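Counting along the sequence shown from 1, when you hit position 39 you're at 38 in numbering that gives the first Met the number 0, and nothing is skipped either side.
To be clear, the hints were calculated from the coordinates, so they are not data collected in a lab. Only a predicted model underlies this, so the values are computations on that prediction, with no experimental measurement involved. Glycine is no exception: its CB is placed at the ideal position from the N, C-alpha and C atoms. Among the hints, a few may not be true.
[What the hints assert, rightly or not] Ranges of calculated distance between the beta carbons of each label pair, as one might list FRET restraints:
#: 1; residue 1: P150; residue 2: K85; range: 49 to 57 Å
#: 2; residue 1: N185; residue 2: N111; range: 15 to 23 Å
#: 3; residue 1: K214; residue 2: P120; range: 35 to 43 Å
#: 4; residue 1: P120; residue 2: H38; range: 20 to 28 Å
#: 5; residue 1: P150; residue 2: T88; range: 53 to 61 Å
#: 6; residue 1: K138; residue 2: S158; range: 39 to 47 Å
#: 7; residue 1: S89; residue 2: N39; range: 34 to 42 Å
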Amino acid sequence: MKIRMIIPAIMATAFIFSCSSTKINSSWKAENAQTKPYHNVMVWGLLAEKDSSLRKQMETHLVNDLTSKGYHAVSSIDVYKSKAYKKLTSKEIVDEFKLTGVDAVITIALLNKEQEEKYYPGGFYNQPENTNMYGNLDKYYSGIYERVYTPGYYITTTSYFWESSLFEVKADKMIYSVQTKSFDPNTTETLAHENGLRIIKDMVKKKVILDIAPKEEQ
Numbered sequence: 000m001k002i003r004m005i006i007p008a009i010m011a012t013a014f015i016f017s018c019s020s021t022k023i024n025s026s027w028k029a030e031n032a033q034t035k036p037y038h039n040v041m042v043w044g045l046l047a048e049k050d051s052s053l054r055k056q057m058e059t060h061l062v063n064d065l066t067s068k069g070y071h072a073v074s075s076i077d078v079y080k081s082k083a084y085k086k087l088t089s090k091e092i093v094d095e096f097k098l099t100g101v102d103a104v105i106t107i108a109l110l111n112k113e114q115e116e117k118y119y120p121g122g123f124y125n126q127p128e129n130t131n132m133y134g135n136l137d138k139y140y141s142g143i144y145e146r147v148y149t150p151g152y153y154i155t156t157t158s159y160f161w162e163s164s165l166f167e168v169k170a171d172k173m174i175y176s177v178q179t180k181s182f183d184p185n186t187t188e189t190l191a192h193e194n195g196l197r198i199i200k201d202m203v204k205k206k207v208i209l210d211i212a213p214k215e216e217q
């Protein structure tokens, strides 16, 4: 009977994981902002040092998504290495971006991370009753056994709440901002991949960036 007890939990877990996704909660574009072919984009993750691995993944995937559309994009961790978590003033940060030729910065901030534990009762209480399976005592006993004796179980889900913004370095102003929610991704790689694609797609849709960056003149 151990197999019978485990199967419902596995099925429920698989269903939840299959529905994992990242969705946009809201996005904004500055009034009168024009679509521009940015030449040097810095992707800058704003996460605590304990989340350095996740930050690396988030930056890398967004950099790759921008690169696939012809933009020159770099990860802040790749550029600044050990300085990535050094506390700098806002002026020092902007000045350093200007010195390195960065014309646009896309931030990725982890606003919140929530975990929720839900209890799922045993048996198949949510299934409609099938009277055909209760034609005799043997079938009735087998069916009721599943409904009564299969134990309940807990499943923990995790939600990530993100905010990403695009700043023009020269003008020193925000052009675009988006908030996304990632619900219980299978892995942090999946989370980073889905989040990057969502952001790029929305920026193209809102004409913040071009779908394909024009080739720079030699």
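Each hint tested on the structure:
{"no.": "1", "hint": "P150 with K85: 49 to 57 Å", "in the structure": "holds (51 Å)"}
{"no.": "2", "hint": "N185 with N111: 15 to 23 Å", "in the structure": "holds (20 Å)"}
{"no.": "3", "hint": "K214 with P120: 35 to 43 Å", "in the structure": "violated (60 Å)"}
{"no.": "4", "hint": "P120 with H38: 20 to 28 Å", "in the structure": "violated (58 Å)"}
{"no.": "5", "hint": "P150 with T88: 53 to 61 Å", "in the structure": "holds (57 Å)"}
{"no.": "6", "hint": "K138 with S158: 39 to 47 Å", "in the structure": "holds (42 Å)"}
{"no.": "7", "hint": "S89 with N39: 34 to 42 Å", "in the structure": "violated (20 Å)"}
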